[in-house]
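Number of protein chains: 2
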Amino acid sequence: MSVAELVVEETDPYLEEDFVGEMLKQLRALDAYDTYEGWSKAKIVDPLVLTKARKQEIPVIGDPDEITLSRVKAYYNAIATSIEKDCGLMAVPMINITHEGFGRALVMVGKLVVVDKTLRDIHRFGFPSLKKMCEQSDKLIEKAKGLIEKYNEAAND
Amino acid sequence: MSVAELVVEETDPYLEEDFVGEMLKQLRALDAYDTYEGWSKAKIVDPLVLTKARKQEIPVIGDPDEITLSRVKAYYNAIATSIEKDCGLMAVPMINITHEGFGRALVMVGKLVVVDKTLRDIHRFGFPSLKKMCEQSDKLIEKAKGLIEKYNEAAND
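If you read the sequences in order, they're chains A and B. Residue numbers for the first sequence follow our numbering, so the first one is 1 and each next one is one higher. Residue numbers for the second sequence follow our numbering, so the first one is 158 and each next one is one higher.
Everything labelled a hint here was simulated from the structure, so no lab data went into it. Just so we're clear, the structure is a prediction, and the values are computed from it rather than from any experiment. Take these hints with a grain of salt, some might be off.
[To be verified] Here are the simulated BS3-like pairs of lysine-lysine, each with C-alpha atoms no more than 27 Å apart in a straight line:
#, chain 1, residue 1, chain 2, residue 2
1, A, K117, B, K242
2, B, K302, A, K145
3, B, K274, A, K145
Taking the hints into account, I'd like the entire structure generated from these sequences.
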């Protein structure tokens with residue numbers, strides 16, 4: 001299978017999920033040159049899906065390029081806005097990635113760190129399928145909501 | 158006055174302050190080439206003091222160089238280790254600076270953000286005097302301790 005071929009089908013039901021909607025919005029927000037103009041949803045989110053075949057074509061060790069970095073940013077922006085929508089409090093993402101592709105992603109709500117992910121091999125950033133992306137993201141968002149409930153005063157500070 | 162001339166006196170009583178000790182340790186930790194070998198305390202911390210005269214010699218707009226960035230890192234490392242010493246919990250600094258010298262510095266304890274500073278004009282990073290550096294740092298550390306007490310459960314998470 002060629003990397004250029006799309007792996008996300010135009011009829012993938014997960015394209016209608018809230019999180020994918022948020023992800024599309026964030027990807028478009030970072031698309032300064034309107035590359036996505038006229039593209040279908042499936043085509044825009046397609047590079048986020050790293051099937052086994054695609055993964056094999058990416059070297060194990062490598063530096064992330066600007067496009068990959070902007071996808072990682074879009075992803076954590078989408079996580080933050082999803083949390084914000086859910087809890088009604090401002091959620092701020094902060095990402096640190098070294099040029100070797102290692103780092104850390106945070107989302108803060110008030111004085112609370114609600115998402116804290118170690119990033120590695122960021123040049124291979126992606127999800128096995130759109131379904132997996134939604135499931136993993138929902139888990140992060142649910143966990144964040146739990147923390148906001150538990151430490152509500154710090155989240156409101 | 159020349160920039161090369163030291164402004165911190167060898168007899169400055171603030172050289173014996175806890176925070177300056179922490180700062181010296183962190184500056185040395187980032188000194189990979191042993192530049193500071195044989196230097197006095199005053200000489201090592203001297204570049205952190207930006208008197209009015211020194212500030213005037215730095216352009217208002219500019220990109221921070223590597224040495225300035227490493228001083229900013231050393232500073233927030235020193236803030237983090239000071240907090241850690243005080244509260245007995247791990248304190249993790251995280252700094253994001255764009256190449257234009259704008260950004261954000263955090264210190265986290267558990268799930269709590271205990272220091273959150275907006276950084277700007279980082280190429281002019283410094284303090285009017287060693288005394289001022291100690292006072293401002295103590296204020297940050299005290300505020301962090303207050304938050305750790307207030308949201309103790311989140312800080313221990």
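Hint check:
no.	hint	verdict
1	A/K117 with B/K242	holds (25 Å)
2	B/K302 with A/K145	holds (26 Å)
3	B/K274 with A/K145	holds (25 Å)
Checked against the numbered hints given earlier, this structure breaks none of them.
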